[in-house]
Amino acid sequence: MQSKTVLCSILCVLSSAASSFVGASVDLEGFGFEPPAPSNLFSFVGAPESTETAPPGNTWPIEVDVTMLAASPQMLVLNLPDRSAALLSRDSWRPRGPGKFLWTGRGDGCSGIFNVIPGHAVGTIACLSGNYRMRSGTAGTHLTRIVASAPPPGAFDDVASVEEPLPLDTQTVTIPAHLQSPIVEDRIDVLVLYTALVRQDIQAQGGNVQLEMQHLIDETQQAMVNSASARTGFPLTDVFMVHTQEVARGESGTLNSDLLYLRESTEPQSLRSVWKADIIMLVRKTKSQNKCGLAYTPGFGGAPGPADFAPLAVGVAVRVTKEVCTYAPYNFQHEFGHILGGNHNEENNDNTTPLEPWALAHWSNPMASPKSGHRTILSYVVPEGGPGEPYCHGECIQVLHYANADITYLDPIDNTSFVTGVMNLKENARVIAEVAPYAWLWSDRIFANGFEFQ
Amino acid sequence: MPGYGATAYLPTDSSFSDMRASILLAALLVLASASASAGTWVIPADISVSMTAEPRTNLVTGQPIHFTITATNHGPLPAPILDIFSSEFVNEFDLSNATADCDGILALVAGDTEFGYFYFYDWIVVTAAALHPGKARTCHLTLPLSANAPDAFTFTWAIPDFFIDNDSSNNSASVTLRRATAAPATLPALSAPSLLTLGSLMLLLGWARLRGSLRNPQSDHSVA
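Protein sequence lines, in the order shown, are assigned to chains A and B.
Heads up, the first sequence stops at 454 in my numbering, and the numbers go up one at a time, no gaps.
Heads up, the second sequence stops at 678 in my numbering, and the numbers go up one at a time, no gaps.
Check each hint, because a few of them may be wrong.
[Said to hold, decoys possible] Facing chain B, according to a computed beta carbon distance under 8 angstroms, are these residues of chain A, among others:
1. N40
2. S257
3. H334
[Stated by the list, open to error] Residues from chain B that keep clear of chain A, each with C-beta distances beyond 12 angstroms, as calculated:
4. G493
5. P498
6. M505
7. D537
8. D566
9. Y571
10. S622
11. M656
What the hints contain is simulated information worked out from the structure, not anything from laboratory work.
A virtual CB, placed ideally from N, CA and C, is assigned to each residue, including glycine.
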């Protein structure tokens, strides 16, 4: 008995150490032992608070069990304060240096993406019942439920800080040669650029801007995992952040001019060339002319198809620590989807025959239920219109999925489900899987001036 | 993997090969890029935009409209960079049957606002080779009218205001497209009560004038 206990202790230590370093789990059942019961993600959840960035009752102070997450658990209990607990199974665990790691997983109608670096933790929880953001900052760690609400009067105006003066040319591009990334041609390499206002906003909240940018890419990767099926391959594509940095780009210009900046200016193009990026995304804080995102989209209305799309593979998303744009919690992934050939839902799409006729987003309401409807990443909320007109009920919760008819997102605890696409009609995931192999090669098709083709 | 065809985009000004011009262009590119951080790009020339659209009136749903947009450099220097944007549109055209044949690249931008979506075309006029003084480039675009298009609307192509050229007065061209059912642009319409009031006033005025004429037949021709 004593020897069994000693053996168990050794195995536990070994398994913990191994999983910490390589992200692998050890199957203890083969040794006749039950794996430990999954632990709660949050070791403490306080009473709801009111904050500047969220309506009353939608923000909770929390403590994250970072030690448990660092051990790369196969499963964990997502103990959200306003719904039944969900059991998440690990999709991936990636160590990113001492004290730095990513854990992602899915289950019971939820996806979780959790990034930790020393002193900071960020997380995204995408559930059928709602979306949540987890951030650590100067005021501790908080969990916020993202509620898409009707914008207040005056929302068409740009936020006040748009005119905030910014120092120009504060940063020069100097990239050490040894940092150049190797070409890996089975993934989309993304260069994420951000403005000084984004950094200032995140720092003011006590956050880490580089971690936030990494998290955007990790959310995107999880969307590619969530949306994958046998017909698309698994995942739809891998998405990898080759580099992120602040650029000397103010926000007084329009998003239209941002696209041109990404395409033509020396700084982003030099960075793209050095880092061999397939896609450049710019994250800015402020809307301009009420615009929340812009991206070139391939293959319709006379636009170049995926094979010729390399110089146009750029997008802009307004994304900061609070929901400036209420239309989508995932507007970075929304614009990313456009670049890969995805389109809006048919009610919000001019394009009856896009790159593929079924490359559309999807929304639906639960059958015979008063619960909220759901929509995929590229779908808008379809509001209530005339009598008899279909509309998306309630919050019309956005899920971290691109439309795929093969994928039914199921929450067995809340007895809710959402078939995320319609076969041969609404399947953005399939077009993303089709375009991705072209996107893997976009960086190879860019010359120094950004417009020559090989 | 489906066979999305590749197209080679070739420089359109093959004559641009001499060394001095290359150095000048490089300098212009540096200048243009340097100004980009401020959100503007300077084009050291006067670029004009013109457009034809056929047909423009008596349009019906599905009818293709053939646009020809032309960018001309009036000098004095080559334009190292130039984009021309269409006005934003939502669902006025049937993009599924759109065709284009353009110098450079015709790109489509999908935009998202707080409450809806829009598109615009970005004609990237200058790709590999600068647009030289005296030269013009064209874009032929055919867009069928969609069922959602209003009876009349204006479609514009313009150099966006973050490009600074020598004369902004000729940087845009617009056309008004009208359905067969659309009334031509005339005087502003008046409501029925307004028309009735106006008619009554005219009758009253006519009657008063007639009365005056009958009392003094010479008055209209009297000279002091």
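Against the structure, test the hints numbered earlier, and report the numbers of the ones violated in rising order. Numbers 1, 4, 7, 8, 9, in rising order.
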